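A.B. asks: Sequence:
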Amino acid sequence: MEQRTKNTYGVQIYEFVKDILVVCPKCEGQAVVHSGDFHTLKFAHTDVKVVCSHCGFNKLMERVSPRKDDKQKRGNVLIFGAPIDPFFHLPVWLCTEFDGEQLWAYNLEHLDFLAAHIGAKLRERNVLKFNVKSIGARLPRWMTSAHNREAILKAIEKLKSK
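Offset between the sequence shown (1-based) and the working numbering: plus 164.
What the hints contain is simulated information worked out from the structure, not anything from laboratory work. Errors might be hidden in some of the hints.
Stated by the list, open to error - Across the chosen pairs, the derived CB separations fall in these ranges:
| hint | residue 1 | residue 2 | range |
| --- | --- | --- | --- |
| 1 | Phe244 | Glu265 | 34 to 44 angstroms |
| 2 | Phe244 | Arg287 | 34 to 44 angstroms |
| 3 | Gly220 | Arg313 | 35 to 45 angstroms |
| 4 | Cys191 | Arg287 | 35 to 45 angstroms |
| 5 | Pro189 | Glu288 | 35 to 45 angstroms |
| 6 | Ser217 | His311 | 38 to 48 angstroms |
| 7 | Gly220 | Glu288 | 24 to 34 angstroms |
| 8 | Lys190 | Ser309 | 31 to 41 angstroms |
| 9 | Gly283 | Ala246 | 21 to 31 angstroms |
| 10 | Val241 | Ala310 | 34 to 44 angstroms |
Since we're looking at a predicted model, the values are computed, not measured. We put the beta carbon where it would ideally sit given N, CA and C, even for glycine.
Input sequences plus hints: build the corresponding full structure.
C.D. replies: Put into structure tokens, the structure is as follows:
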């Protein structure tokens, strides 16, 4: 494990939503939410779908019909930063309990990122300006504490083998 990190305060959660591992709503196996080019902001509803390779479940994100007048509100609610996928609100596959808290990740790349940040003893903020929306700035204290470091890294290794 690296002793220091330099890039964790410049990365945002949106960069990990390309392929999200979720629990299939039909068979409770591992499914994948493909979000197309969401992370590059070339987002179209037709790109977002959930697919389960175990039972064959698949679903496209529903397109929102246009508003009939200005008083009517329509749209999809995208929830980021919770142990559910932002599009279909399905629980993420990579989730476990840790000391009464939830340790979770969208995919293996996200899990590797968390392991690098948590495992580093020195976390440098080498970005042009302080970014409060970065993952490094948003992680809870229990997760970044040196006291919990080894136990959390073990939990991350268990999630990787799930």
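A.B. asks: Please go over all the hints and tell whether each is borne out by the structure.
C.D. replies: Going through the hints against the structure:
1. Phe244 - Glu265: 34 to 44 angstroms: 18 angstroms, violated
2. Phe244 - Arg287: 34 to 44 angstroms: 22 angstroms, violated
3. Gly220 - Arg313: 35 to 45 angstroms: 41 angstroms, holds
4. Cys191 - Arg287: 35 to 45 angstroms: 40 angstroms, holds
5. Pro189 - Glu288: 35 to 45 angstroms: 41 angstroms, holds
6. Ser217 - His311: 38 to 48 angstroms: At 39 angstroms between Cβs, range holds.
7. Gly220 - Glu288: 24 to 34 angstroms: 46 angstroms, violated
8. Lys190 - Ser309: 31 to 41 angstroms: 39 angstroms, holds
9. Gly283 - Ala246: 21 to 31 angstroms: 24 angstroms, holds
10. Val241 - Ala310: 34 to 44 angstroms: Check passed, 37 angstroms falls within 34 to 44 angstroms.
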